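Based on these hints, arrange chain B on the given structure of chain A.
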Amino acid sequence: MKFNLLSRVAMTTAVATLAFSGAAFAQQEAPTTFAITHAKIFTLAGAPVDDGVLVIKDGKISAVGTNVDVPAGAQVIDGKGLQVYPGLFDPVTQIGLSEISAVSATVDTTETGMINPDVVAADAVLPSSDHIPVTRAAGITEVLAVPASGGFDSRGNSNLLGGQASAIHLAGWTINDMLIKKSVAMVIDWPTIDTESFDFTTFSRKQKPYSEAKQEYDKQVDELSDWLDNARHYAVAWGHGGPAEYQRDLKLEALVPVIRGELPVLVFASRAREIRAAVEFCDKQKIKMILAGGAESYKVKDLLRSKNIPVILQPTLTEPLDEDDPYDRSLSTAAELADAHVKFAFGSFDNSFARRLGQQAANAVAHGLAYDEALKAVTIYPAQIFGLSDQLGTLENGKIANIIVTNGDPLELTTDVRYLFIKGQLMSTRNKHQELYEKYLNRPKAK
Amino acid sequence: MNRRTVVILAATLAVILAVTTSKLFAAQPAAAPEAAPITLIQNATILTVSHGTIEHGSILIKDGKIAEVGESVKAPKDAQVIDANGQFVMPGIVDCHSHIAIDGDVNEGSISVSSIANTADVLNPEDVDIYRDLAGGVTVANILHGSANPIGGQTVVIKLRWGQPASKLPFEGALPGIKFALGENPKHSNFGGRGREARYPATRMGVEETIRGAFSEARDYKAKWDDYNKRSAAGEKNLITPRRDLRLDPLVEVLEGKRYVHSHCYREDEILMLLRVAKEFGFKVRTLQHVLEGYKVADELAAAGVGASTFSDWWSYKEEAWNAIPYNAALMTRRGVVVSINSDDAEEATHLNQEAAKTIKFGGLSHDEALKLVTLNPAIQLGIDKRVGTIDTGKDADLVIYNHDPLSAYAVVQKTFIDGRVLFDRQKDLGDRPNLEKEKKALIEKEKKEQKDDKKSDAKPGDKKPDEKPKPQGDAVVLGGVL
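First to last, the protein sequences are chains A and B.
Using the working numbering, you'd call the opening residue of the first sequence number 1 and step up by one each time.
Using the working numbering, you'd call the opening residue of the second sequence number 1001 and step up by one each time.
Just so you know, these hints were derived from the structure itself, not from any lab.
Predicted, not measured: the structure shown is a model, and the values here were computed from it.
Rough simulated footprint, nothing fancy, chain B against chain A, three-plus residues with beta-carbon under 8 Å:
| id | segment |
| --- | --- |
| 1 | 357 to 366 |
| 2 | 410 to 418 |
Okay, derived cross-link-like pairs now, PhoX-like style, lysine-lysine, Cα gap no bigger than 20 Å in a straight line:
| id | chain 1 | residue 1 | chain 2 | residue 2 |
| --- | --- | --- | --- | --- |
| 3 | A | K299 | B | K1441 |
| 4 | B | K1361 | A | K439 |
| 5 | B | K1077 | B | K1065 |
Just so you know, even glycine gets a beta-carbon here, dropped at the ideal spot from N, CA and C.
The shape of chain A in the complex, shown without the other chains (with noise of 0.2 Å):
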């Protein structure tokens, strides 16, 4: 079985390096410059452009309009009847630390313990992951890898500070290449009160009283509170002399950038109770919280507004949590926030599904959301959420030129993405799945 795996995973791995090196040869001798032509432009920056000219320079997006003229030397795509995007971004996602959810060898999601704010993605993320072709095929430019954020299987692991989500491209030969910032949120995963637990020894599921259960709550959270006490504490040490005045602690050292407002939290909670409680918590310790799940948002919308904090959306297509709760609940959410102003983006949590962050996002538009909020909430919202919007979510110029080409409506189902850039290089939409598909289009018919 062990050599049957490893030869499974070593033959897609081949198949896949030779796919992405095939892209990269042509990259030595490939323009620097593109223009895309007769295309509609998407800017989100601006109404749509007809007929418009984006151009491509060194990475860059150097023009993008109607009197736009195509540079001598560049490669033209003819854009007619095509559309033209930034390219998508999924906020949450454990792209490059797993590959198989079930088994724990591939995957390096979530570390063991509960207070792990040192480890950080970017130092895991495997560039030649089968994850990042199939994803960058579905429109997805970009994405947080994400310490500690659950997924498909994330087997009940959990930590109170999870680790630094990392910023990266889809595409690159190594993480330097990838990566757009290195660290732009803390993890948090904020307790709950939970009355009931799942023992894995014993396979059985545990009752205790709420009493316990809020002891429990209560400890955690004062852990947490403690922990960044102690890095304020850390931080004015490190202020006042050298190492020889201190103890380095690795622990504590990441966090000062968070009690310094420098670094944002990436909050995980579901329940309007354990919301509230985490915009208190960080209302009182003066730092930047961003919410993820937000299950029950919808509840605390105004107070969301009111303190400024953005949300990452939990899928649309998910299961209301009350049985009491309407059946669409999980699909109007995202109306709500957006008619109460709080900031938003959708997220996919995970990378299997990460490519049905579009579809997320459509279906938030069947149920009540402004279709160009929906496009905004997959690309240039996160980035603002992030503090990445100077360099992308839109086709301006001098951002970064992540954009996609489509034959039509990037969110819909049916949708090709046909042309596809990362950092200004055209890049291929090939991968596991379509080779894999290709070779049995072409199995002889078996006798």
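Here is chain B on its own, set in the frame of chain A:
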């Protein structure tokens, strides 16, 4: 107060207050269904699935059946008219792999052959997932046992008749099934260990032997009964009746073609393994479920005449799903396999129309071919295609009205009909919400007050203490046995 309110509120209060509320919610008997009204759906874009799309068409529903469908249909005067305003009507979605409406866990995982268990015995008509899936256009579901055993429990096909008692859910005349499972789940790859005792089988070889062993027994058992029946019919006296074996009875039904085999599987090798075993014992595999590597052996599936029921785009959640591709449904279709797309999940079931649409992108199926994956094809796989799966005269009036083309992520179900009755109506659902909220608040207030009063009376000296609450049970559950 309608039935749904009672169910939902009871559950909520139980959670919020953790008290017994049975005195408030005495079970109401299900009302006997009234005769379905004569209904005309007019001015609709009708996706018949069997004979193309009819623009501005009409459907006449009578006695729960489709009485007429076409461009112009004459309706009796007393017909209730629904103007679809150009909206889309398609056949109700048939979900070939579901675990909704099962009371409790879906896996009897303690034994390798759990054919004694039957999902039909534990149907819960008040499971809210029935309503939610109706709201996603599903009208029929194949209610399967879990996948923890090479030979799992017996299965039942139901109609999502929300509001009716359990006895009214089974699809009349649909052949019952039995769940088989191959690969990681029956060999407990992903949830064994951790202090649990290993259970045979632990390899794919053992999975094969478990199935062969069970069918060897079933064949001998059947021979005993055949012999007995023959001699008994011939008038022989003083015969000893063979001992009844509840475990083997369903397997004999499989051998006799009276029960369908629905087998969970992933990898190409195990798929062919099961087909070999089936050939050895002379039974048919009706559907392969998940069958994520079915595209690798599509010719073999087509030759064996076995149906394939798969996911749209799930992959990489376990090793045996590592080579899953979203082109699977299209590739198998192109090689002549009858393919359906299923949910295996109450939420996924609410957008199977969208999941079917993905095959247009991944593999280039036509609009009609994509629609068939969630309507006619699963109906064929379950042997109920004479009753449901297309919009044709004489078929059950199981229909869904969408506000857009259902193969779009922007389409929302407006109404779902089963047997000619509207069992989901979006406008009605939206309209009922304020009253439901009010009722819920009032009930919570009432319960709080009663609790307060109880506390007061408890405080009186001399009163006996309230009964000790029963200790919560440590239910043993098996995780991960569904996918």
